[in-house]
Structures are given as C-alpha cells and as structure tokens.
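Input sequences plus hints: build the corresponding full structure.
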Amino acid sequence: MIDVTILVNGVPRRVPADLSLAAALWRLGIHRFRTDRDGAPRAPVCGMGTCFECRVEVDGRTGVRSCLLPVREGLRVELPA
Amino acid sequence: MSAPVLARRLDLVVVGAGPAGLAAADAAAGVGRQVLVLDQAPRPGGQIWRHRPGDVLPVEARTLLDRVRPPRVAVACGASVVDAPGPGQLIVDFGGRLAAVETGAVVLATGATERLLPFPGWTLPGVVGVGGMQALLKAGLPVAGSRIVIAGSGPLPWPVAAALHHEGAVVEEILEQADALAVARFALSLIGRPATLARALRYRAATLGIPYRTGGWVVRAEGTDRVTHAVLRVGGRERRIACDWLATAAGLVPRTELAQLLGCTVHEERIVVDQRQATTVRGVWAAGECTGVAGDRAARVEGTIAGLAAMGVERIPGALFRRRDRERRFGELLAQRFAPRRELRERVTAETILCRCEDVRAGAIDPAWSARQAKLWTRVGMGACQGAVCGLACRTLYGWDTAVPRPPLGQPPLGSWARALGEATPPSATPPSPAPPIP
Amino acid sequence: MSHPDVLVVGAGLVGAAIARELARAGLRVQILEAEFAGAGSTGAAMGHLVVMDDSPAQFALCQHSCARWREWLAELPAAAERDPCGTLWLAADDEELRAARDKLRLYHDHGVRAEVLDAVQLAAAEPALRPGLAGALRVPDDLVCYPPAIARALIEDAVRLGATLTVRRAVALEPGRVRCNDGTTHAAGAIVVATGAHAAALLPGLPVVPRRGHLVITDRTPLRVHHQVVELGYLHSAHTMGGASVAFNVQPRRTGQLLVGSSRELVGFDGRLERAVLARMLARATTFIPGLARVPASRAWVGFRPATPDALPLIGPWPGMEGVWVATGHEGLGITMATGTADLIVAGLTGAPPPLDPFPYRPDRPMAEAAA
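So the sequences go chain by chain: W, F and Y.
Quick note on the numbering used here: the first sequence kicks off at 1 and runs consecutively.
Quick note on the numbering used here: the second sequence kicks off at 1 and runs consecutively.
Quick note on the numbering used here: the third sequence kicks off at 1 and runs consecutively.
What the hints contain is simulated information worked out from the structure, not anything from laboratory work.
Note that the structure is predicted; figures quoted are calculated from it, not measured.
Virtual Cβ for every residue (Gly too), placed ideally from N, Cα, C.
Incorrect hints may have been included.
Some chain Y residues close to chain W (C-beta under 10 angstroms, calculated; not the full set) [claimed, not checked]: (1) His108; (2) Asp219; (3) Arg220; (4) Pro222; (5) Leu223; (6) Thr255; (7) Arg294; (8) Val295; (9) Pro296; (10) Ser298.
As structure tokens, this is what we get:
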C-alpha cells in the first residue's frame, strides 16, 4: 500500500493512503481530536459525518469532519495539545 | 474532489449513494435522464456497501455500482448538501468547494444513522456507535489485537462483529439490548426470508466463539483519556470488562436532517412518503432507510420506485410495490422487536453529558420542557451537529420533538456559503417544471 | 380568590423585567406567556446592550437602561453570559470618522464614556478587521449578554418573589381582563402588554409592525473579535421604514462563537430565511472581517423586531382601554431598554417618581416617520 505524508501539528507523519483522516489519526495513536470545555478529550463516534465529534482543523479550515475526509499528501492537521 | 462538470440542467439529484440512491439513479438514467448522485463519503456504496479499492462486494452492489457511474450518471463523492435556497436549488459542498445546483427533482436517500443514547462515560474516546465502529474499520482503522465490546441492537452487530473478527480484533462479546423472547420471535420470522436467514447464518458462523447475550446493555464506560473498561448489565448482574473499544448504540434511525431542511414532513422519526415515494414537498422524493429502517432490499426497490416516479414514469410495475410493501413489513418487525428498552433511558445521571457539542449535562434539563425551550435555555442541540445526536437522544429520553435543523448543514465556511447563495439564481415563484411524464 | 394587581402579558425580556420589578416592588403579579420565557424575539436577539443616539429620547432611555443593566447583570447567573466587551462603531472613511467625533462629543456631554480610535489604534484594538478603515468610536461600557437565559432567570426571580406564571396564549383584551386561546379569562387590576412585535394583535391600532432580521452564528473559532463591532453606516440603514437593508454587525460570544448580523426588512411575520438577504449580509460581514469567510457557519435564523414609525418604544398607559399599559415597540433595542422600560412601568403603576421623563415614550404620542 502506498503511504502519504500528512503534517500533524507541523510534524510529518507517514500514513497509508486510502484512509480517512479519522482512521489515520487514530492509527497514529491520537485519541484527542478535540476537547470539551473541561479539557476532556473527544474522538470519532459515528464515523459517518453526523456526530461532529471528529472535527479538526485541516489546512487552516476549522470544523472539518475527519471521518469524511480521505488523507492526501501534504494535508496539514492541527490538533489540541 | 472538485465539482463535476454539469453541462445541462439536471433532471434529478440523488442525495446518498447507498442502495436506495444507487437504485434511484439507475432507474432515472434508465429512462434517459440527466442524474447527479451526491454522497458525503469518499466512495459510493453507503454504509452497507462502504468499501475501499480492492474490497470484495456482494454481487448486487457491484452491479449497481457498475451502472451508476459516468458517463451514464454523474457521481460526486465527498459532497454534501449545505442548503436549499429555493425549489429545485441545492447548495452543494463538493469537497470544500461550494456550488449551486439546479435540478428538476430530488430523491433523498440519506440512509440511517444510529440512536446514540447517553450513559456515564459515553464521551470517552473509544466509545463509538456500532455502525460507527464499522465505518471506522472500513475507513482503515487498525483493530488487530484490540479488545472490543459490542452492545447494540438488531441485525447490525453481526456483520460488524464478523468484520472485526476477520481483521484480527478480539470481540469480547456481543450484547443485544432486546430480551431473548423478542430475539427468538425475530429469528423465527426469518424463516419466511431465506436470503436474510442465510445472511444471518453466515455472520453467525463467522462469529462462532463470540459470546452473544440478549437482554444486556452498557451501564457505563470508564477511563480517563480513552475507554479502558465497560460496565455491563446482563441477566440482572453487573460485570466490569476491560476493552479498547466499546461499540454501542440502540439500533438505527432514519437520517432526516436534509428532509427537514427542505420542509418535508417527518413523523415518528421517518420521512413521510406516499405510495410512489413522494414526500410532502413538491419535487422531492425519498427512498430507503431515511423513510424507515427496513434493510437494503427495501432500500433498493424503494429507490427504483422513487427514481421512476421522480422522472414522471406513470406506469411503475406493480411487482415493485408489492416487494416494497413486503420489505416494509420486515422493517416494522425490526422496529417492534428491537425497540430500545426502558433501562437504556434510565442510565443518565445528572452529571451525564447530554449534548456532546455544547457539554450540557442532563441535570440542567427539565423533561417537561420542549426541545426548543431546552435549546434556548441550556444550549442543548445548539452545537455543530444541530441536535443530530442529542435531539434524537432527548426524543428517546423525554419524548421531545426532534429539532428542525437550521441552514446551513455541515458547517461550511461562512464565506463560501455566502458566495454560493449569491450565485444561486433567485428562486422563481414556481419550482422548475419536472420532466414531462413518461406514460 | 382575588385577582392579581398586575397581569403581565408576554415573558420576553421586556415582560420578564417588568414582572420581576413589579414583584420586587411588592405587587401581586401574574405572568401570561404563550410558550416559555424568551421564546419569541428575545430568543432570536443578539443581546447587545448598547447606547444609541438617534434621538435624545432614545439616548436617554439607552443610557439609563445600560446603567441599570450593569447593576442587574452583577446579580444574574453565569448563564446570562455577561461580557463587558464594549462597542466599536467603525468609520470606513473620514466622513464617518467626523460623525464618530460628533458622537463622541454627545456621549461626553451626557457622561457616557467613549473614545475615538484612529486607524492605527483601531488596527491594534481589533486586528481581525480589514486594513484601511479610518477609525472607530469605542464605547467601553456597552455589554453583550444572552437574552433568553436572562428572561428565564428574571421570571424565576419573579416567581420566587410571589408572582405566578400561567402558560397560555393571550388572544384578546377585554376591560379589566385578558382572554386566552383556551377560553379562560384572567382579570387583574392592571394589564401590561409586552408581547413585542405581536402586540398589535391584542391592541388594534397600536403602531407596531414586525421588522425581520437575519442572524448567523459561527462555530467556536480561534478568530478573535474583542468588541461588538458595528459599522457607523448601520445608523443610516437601521431605522428607515423602506426595503431590505443590511449592515455589518458582528458580536463575539463568550462561547468563542461569532454572531453575525444584520438585516432589516418589513415583510410581516414571514419566518423563512431570505437567502438573497443572507448572502448580502454575510458578504458585507466578510468585507469588514476577511477572516470570517473561513469560519464555519453553524446556523442562521430570523427574528422579528417590534418597530414603530418614529423609532421610539411605546411605554405607558394605552388610551384605548382603562387599566391597560403598553411596553413594546423597542425595535432592535428591546434587550437594551428592558431594564429602563421596567423602571418606567413600575413607576407608572406604583406612583413612584420615574427615573427619567416618560413623556417621549407615551403610546398615544403623535408619530412622524423617523428621518432616514
């Protein structure tokens, strides 16, 4: 399988192509896609675009549902610290 | 993916490329019409036929996917409807680029989503829907060696367990919230449906060795940064079990946000349709799970009827209606046998988060309120999902109406939405005339 | 059972404020509300507590009301989302900057804190704005709040103080009583009609019409806006009785969201979103805050401002019927003026000295259409 490089908080990471961004991030060991107001982590739930729990900032656009977005070369994703 | 080149005005836009949508598009293309199919996912197929290149698909899926593709049918994946400024007008987000689309007719084939009900710990990473688990798996989530508990309802847990098992996950157990009698009665009814029975047996064979328990559900999930344990209640006893994933939902429920945005009547969670799959809004038809969950066979025949009806075909073969009605009865049976049990509604404590987007806890809510009152007073349902999750949960918990979403759907960038609205031609007083009838 | 001293019809923010203050003054109060506190225009409103100066009477009531809000908000629950962010009135060019300086003098003459920012100061105060604006008038004591939560809190306060809440829709006024849609009648010593844009349905001839407005709220965003920012051009578009107008008006919410306005149209109670107006409104907003274009838009809605021909509210006894009082017609200032309106109604009903001259707001005044 071909790999692509995505930038996670500026750090290049190799992930297999043909993954959704949500699956790719989890594969990288990331379980904190966003945080609630108490700082608790949130991560994908529905996998199909209804719950909005997997939303992240992609290429400067906030609120992108990572479960609906395939990874691609050079994609920049910003996650909470 | 960029917007497909749409040379002519479209006769039909089909929203959703699952079995219903593909069948509708196929039927409309079969009578020579210009059709565009939209789907949010990267590839057509819907949830049931969600696949990645190289995956093996059932023959009925391959057949439809082969027929519904350019040049016969325009297909836009990674595309979702954002707004409907006027009759026959849709603002579509084509993978980040918004554009106005004009069409003579719309078939909604938006499928189903899951009834996700709140319980303590349900917001922990690793707690997902049952279909959610399946979708993530099909999107490339690695699960080999992961310990997974499935606590769901109805037929869906089976293919999900089978797929997880096939990928090397350790499915610890499958809990069915309905009790043994309901499940037995459902199983008996499969005798009259050999194809469904064969499918069920195939999944059971693929999951031999995985404990299956009826009358069981999740009490709470535990963990700090992600789920580490699930507390289950089966047969009157509580049990704590270690897991990496907890896949849980109370069955499927029609996905109706777009229908509501278009003004279609939704009753008892389903888009209301007539004999010919027409919704209550002129120029809009609906087919498949969004009109009531009844499986992919119902979805396909309804899609065919809707595609033909939307294109003005007067004489639709009676056999299609008879098959549709038969499949619909199966759907009613599903709904009856796997209705969410009372105990699922009683798991919520004052501290349990009800609205995941706005972090509203159940203690802030008075069940005597209306959905709108709760929204304005506490922000329940005010967040990004516009109540797609908590609206359904509150309906199940408190009997509230589901909130009607406000435009835009899916949170497009404000500037893109504004530009697309500006580009949409002002709606005429009457909707664009549908294609002339085909006798 | 004896009837209450006062029946307040409508638990929007104006009605809620009146009910709470009447109860606080020791009167027996009954509140009649069709749905729930804040269900109408209050729930659709921006929640900008702002001093406006179209006329001396408007300025006086705004100034008094904002001062009162600063007292009230100190005691309201956190759900009120009090944000003392102030207002920036943006001057696009030198002509508007001159207008800002004129306003500055007026504000100072009346003891309202304000300052004029030049282009450089403005860019520093509000970096999200596009470059090239001439400056702004900064009014630091204006506030932002969340109206429906306040309406709820005030009604709950009133009930704690002995008021009763009846959830019924009032359909007709009769001498000394109100008839509801279920046929019940509710008598009281005095009746205060505070049903906003719907008031004319109970009081035929009352010069109030709904003026529709659109709003859009964004998702939580890292894009920071530090004040409620409004174009000075708003003042020209705000109070004409003509066709649809849009103006730049963006409000930061305590949640990290941005609330984007505004539009004004006279189309009756048509609750549909007019996409052409929305498109213009949003396009205008992005010309002032270019970064807004990339922020996810969560949802849009419309609300109905109770508008009067002379852009002043109707507060006081209604000459058409003995014992009936009116508190509506605030147009876009109902949230701001709720406190002052309550003070005037309480003074009127109790005979206490009013905190400011009620004469300009009397409902039976002769009305010329406000100059554009």
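- Violated constraints from the hint list, given by number and in increasing order: Per hint list: single violation, 1.
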